[in-house]
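Visitor: Residue numbers (my numbering), protein chains in the order written: chain A, 1 to 727; chain B, 1 to 244.
Keep in mind that a hint or two might mislead.
[Said to hold, decoys possible] Result set (DSBU-like, lysine-lysine): computed pairs, CA atoms no more than 35 Å apart in a straight line: (1) Lys-40(B) / Lys-70(A); (2) Lys-493(A) / Lys-70(A); (3) Lys-493(A) / Lys-381(A); (4) Lys-381(A) / Lys-137(A); (5) Lys-689(A) / Lys-666(A); (6) Lys-689(A) / Lys-45(B); (7) Lys-70(A) / Lys-546(A); (8) Lys-234(A) / Lys-45(B); (9) Lys-45(B) / Lys-645(A); (10) Lys-40(B) / Lys-664(A); (11) Lys-79(B) / Lys-70(A); (12) Lys-79(B) / Lys-726(A); (13) Lys-73(A) / Lys-40(B); (14) Lys-546(A) / Lys-113(A); (15) Lys-45(B) / Lys-664(A); (16) Lys-79(B) / Lys-666(A); (17) Lys-70(A) / Lys-381(A).
[What the hints assert, rightly or not] Examples of chain A residues lying across from chain B (beta carbon under 7 Å, computed): (18) Cys-88; (19) Leu-626; (20) Thr-670.
Calculated directly from the structure, the hints in this document are not laboratory data.
Note that the coordinates shown come from a computational prediction; the quantities given were computed from them, not determined experimentally.
Cβ coordinates follow ideal geometry from the N, Cα and C atoms, glycine included.
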Amino acid sequence: MAPPEITRRGFLKAGSAALGALTTSQFAFPPAAQAARTHHLDADGDGYIPTMCEMCVWRCGVLAKVEDGKVIKLEGNPDHPHSRGKLCARGQSGLMNTYDPDRVLFPLIRAGKRGEGLFRQASWDEALDVVARNMLKIKEKYGPEAMIFSSTHNLSQVQFENLLNGYGSPNYGTQRSLCFNAMVTAFSLTYGVEEPSRNYQDVQYILLTGRNMMEAISTSETGEMVDAISRGAKLVYLDPRYTKTAAKSAEWIPIRPGTDAAFLLAMIHVIVTEQLADCEFVKRYVVGCDDLPKAMENYTPTWAESITGIPAETIDRIAREYAAAGKNALAHPGWRTSNFINSFQTERAIATLNALSGNVLTPGGCLAAESPEASGVHLGKPPQPAYPRVSALRLDGVPWKYPLVPLKLGVFQELRDAILTGQPYQAHGWFISRQNPVLSLPDRQRTLQAMGKLDFIVVVDILLNDSAWFADVVLPEASYLERYDPLAVVDGKIFIRQPVIEPQGEGRSALWIYKQLGERLVLGDFFQYQDEEDYIRQQLAPLDLKLEELKLKGFLIPQIDTENPAEPVFNTPSGKIEVYSETLGDAGFSPWPTWEEPPYPKPGEFYLLTGKVAQHTQMGTQNNPLLHKYEDEPRLWIHSDPAWKRGIRTDDMVRVSSPVGEVKVKALVTEGIRPDCVYLTPGYGHLSKGLRTAYGLGASDSDLHVTYTDPISGGQALSQTFVSIKR
Amino acid sequence: MKNRYGFVIDVSRCIDCRACLVACSVENNVPMIHTRIWVKDSGVKGQFPGLQRTFVPYNCMHCDHPPCVEVCVSGATYKDPNTGLVLVDPEACIGCGFCVEACPYDARYLDEARGVVDKCNACLQRVEVGQQPACVATCVGGSRLFGDLNDPASEVSMALKNARSIQRLDYEANGHDTNPNIYYINGDVLESGFLPRDPRYNIAEEGWKKVLVPAIFAGIGASFLVQATYFTKQLVEGEKEFDE
């Protein structure tokens, strides 16, 4: 079947049909949940409704069990490629995200000083009017660029971006520079793809650095890796900490933080000087292969031993084992990879190792040179006018200060600093949606100071998170079990998130909130949908698919012709894999993967490591009572030798100080960490007393992190802060 | 026995993510201060950098000779002949808690709010409609398996057939082995430090019932008397207060 023709007329027809079918009242969308239920539920109102998880960004398919209008259990949807019938601890706890006794159920307007936590309940009309009035005032007085917008990876982000682009601000903060800038920038420059997908089907050898897969869980991928290990694949894992992934690895390499690139460059050195690579593949598809041995000349295993602390023979052996596995070897790209300012080079070395193994694009190869999102399915969207022209510089320094950072990644920490310095101009307002920069950005004191300089702060969330605690207006969102979001496409299937219960209190979907604000900001043309269902119908229109069917099944498979390109072409300037990158050279950086010496701690200081636990997502889930029930107490890991020297025993309170702050936290004395490192369980140390379960637990590394930005990728170096520990 | 339901746990696959624990709590409305199932952790063993760590999923072993059934005075705890599962009838349970003390696996708890003992029932409510127990259905690493051990074609039987190693946490009580129905494969759980403990009772199997059952009924009677006295006293005193 040929792809359905997308005509303006068909588009409008679908749109108006949708309009006719709906009784549209601005405040009366909840019956949507009722409608969803009538399809799935029996006469008693019980049954399963398919939807999508939002406890992290992996978006597993969910079957929500509903009884008497309440969600009583969540199951993984077997038809969804990300869940395959399973949900992780966070996914299983999702109903307590909705039923959290600390939910914000009504719009709130600040009644005391900022940070006092005094709010009064307001109507939606009043709260939206206050937000719109303040945003219009800032635009009129200082220009739209004085308003900062920030949000973290979510399905409604597209309409959030519509709001900020329609408003005309270039200042957009996302989590990306605190997370994966190094990986995305390096793979974009080398392969022309942001994040290549992994194929575990035939994997025999996995080199894993920068991804604690057994605790930073993506349900399907974690499961696939366990399957691979169970099948006999060898997992070699580089991490200064003995994580649960280390416990499952064949070989744990407790590498010195910040020196992964040296280890990997020495592997490349061995492979190219001994000619162990897949020569045919490399010659055809890789730019720079002829000169690579010369470029890697000095990166011998002996050289790497002096930097990493890993014996030269171990590096040499692993390089040979990796090369011997050929296309069945995988050097995993990692995820939250911005650890040091040289992390971009670590990622470039990982990209190079994959290129040398010939695992890209070969049948049975372990790395696909396309994004997981790439599927050839093109959804429709509501019509809208062109965005206003933006002439102001971006406060985050992209691209005028950071020329190679992709525009959509940005440098969030720089944006925060620009609020403080007022350079190149002063920001006055901040619109935060589903994000908690008070805990996610490094150097919390600076973030709080920056917030103190602003005239107006509005937060959209389901809880009074730490940023909402300091806001002027808090708009209560409906939880992911109570609302629609724009559709998601995974592996050629279109999935829906739909309300399975009515919203608690006056929670509203982001699609509704942004549209209401858009209309009040005279940006109604950017929100041409009647309600959430109409928005989704417009998304489905070009594919000739029906919302009712999608709601019933939870997913649809559109008929599209996929062309298999005869010859792989990489989306880089040369069309090949650019181990040698002229783009980098032209910008004044090394065109080769290269060693950049990271800073080292002074004697008596420790690397402060951050990481993940399997029971929580960043700093957003600690208030969930079910996850709290099964979490480990957040503590500071310290190796037994330095602990003994300082007289520290497990559960002693210790003081951790960095150049920017100090926290007190309980110690966990363990053999499972390098003696020169400490690790602070992430996501705790909440300031908001509106989080009654989480408040008072643990400490926040954002109190300690010094702001260091990688000049190439813009990533915040999250493990480059050194601390001293006292009892 | 028609079916002999049991668990096979692939120790090599458990990553201690605790999805099973949350799933169980939600499915069975387990109170926040209790849990029906566990993932036990050997802790980091060895000296840096030669380390090892084992995670052991754990719940009621649904023993063939369950010590909990033997001590149950009300007959609430029983070995179900149709499924082979060890179950508790909440209507019959008097909440005395002897079974909690008698279980060498610490797999039971007293639900104070309901006044009854509770434990893993292998999500019988799910199994009856063709679903897997909640912990098994959601196990991210594929470590927990459940099925009919009598059926040679079941997933659990196949897993046992293909296992590299098989262990059980046997315990000898009252002269015979508990014969637990959790089989641990592909990992050493005997070294993990979670061996069954001795029951907290030292009364012989038959003897103690003779002593305790009357004692309990006497106890219940006595508490009734005390309460009745107290009630009457309060009534009288309450009236006094009122008079003043």
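Visitor: Would you mind marking each hint as holding or not holding in the structure?
Guide: Here's how the hints hold up against the structure:
For the hint linking Lys-40(B) to Lys-70(A), the alpha-carbon distance of about 33 Å falls within 35 Å, and the restraint holds. Taken as a hint, the Lys-493(A) and Lys-70(A) pair is honoured in the structure, with Cα atoms around 28 Å apart against an allowance of 35 Å. Of the supplied pair hints, the one linking Lys-493(A) and Lys-381(A) holds, its CA atoms being roughly 17 Å apart against a limit of 35 Å. Annotation: proposed proximity of Lys-381(A) to Lys-137(A) holds, straight-line Cα distance about 30 Å (limit 35 Å).
In summary, the hint linking Lys-689(A) to Lys-666(A) is supported, as the alpha carbons are separated by about 21 Å, within the 35 Å threshold. Taking the CA atoms of Lys-689(A) and Lys-45(B), the gap is near 39 Å; set against the 35 Å cutoff, the hint is violated. Proximity of Lys-70(A) to Lys-546(A) is assessed by CA-CA distance (about 27 Å); at most 35 Å being required, the pair is judged to hold. For the hint linking Lys-234(A) to Lys-45(B), the alpha-carbon distance of about 22 Å falls within 35 Å, and the restraint holds.
Restraint check for Lys-45(B) and Lys-645(A): the C-alpha separation of about 21 Å stays at or below 35 Å, so the hint holds. The suggested pairing of Lys-40(B) with Lys-664(A) holds, with an alpha-carbon distance near 29 Å, which does not exceed 35 Å. For the hint linking Lys-79(B) to Lys-70(A), the alpha-carbon distance of about 34 Å falls within 35 Å, and the restraint holds. A hinted pair counts as satisfied when its Cα atoms are at most 35 Å apart, and Lys-79(B) with Lys-726(A) does not qualify at roughly 56 Å.
As the CA atoms of Lys-73(A) and Lys-40(B) are separated by approximately 25 Å, the hinted pair is consistent with the 35 Å bound. Restraint check: the Cα-Cα separation between Lys-546(A) and Lys-113(A) comes to about 50 Å, which exceeds 35 Å; the hinted pair is violated. Between Lys-45(B) and Lys-664(A) the alpha-carbon distance is near 27 Å, which keeps this suggested pair within the 35 Å criterion. Proposed proximity of Lys-79(B) and Lys-666(A) is contradicted: the alpha carbons are some 45 Å apart, above 35 Å.
Between Lys-70(A) and Lys-381(A) the alpha-carbon distance is near 32 Å, which keeps this suggested pair within the 35 Å criterion. The beta carbon of Cys-88(A) is positioned within 7 Å of a beta carbon in chain B (closest approach about 5 Å), and the interface hint is therefore held. For Leu-626(A), the interface hint holds, the least distance from its beta-carbon to any beta-carbon of chain B being 5 Å, beneath 7 Å. Hint status for Thr-670(A): holds, given a least beta-carbon distance of 6 Å to chain B, under 7 Å.
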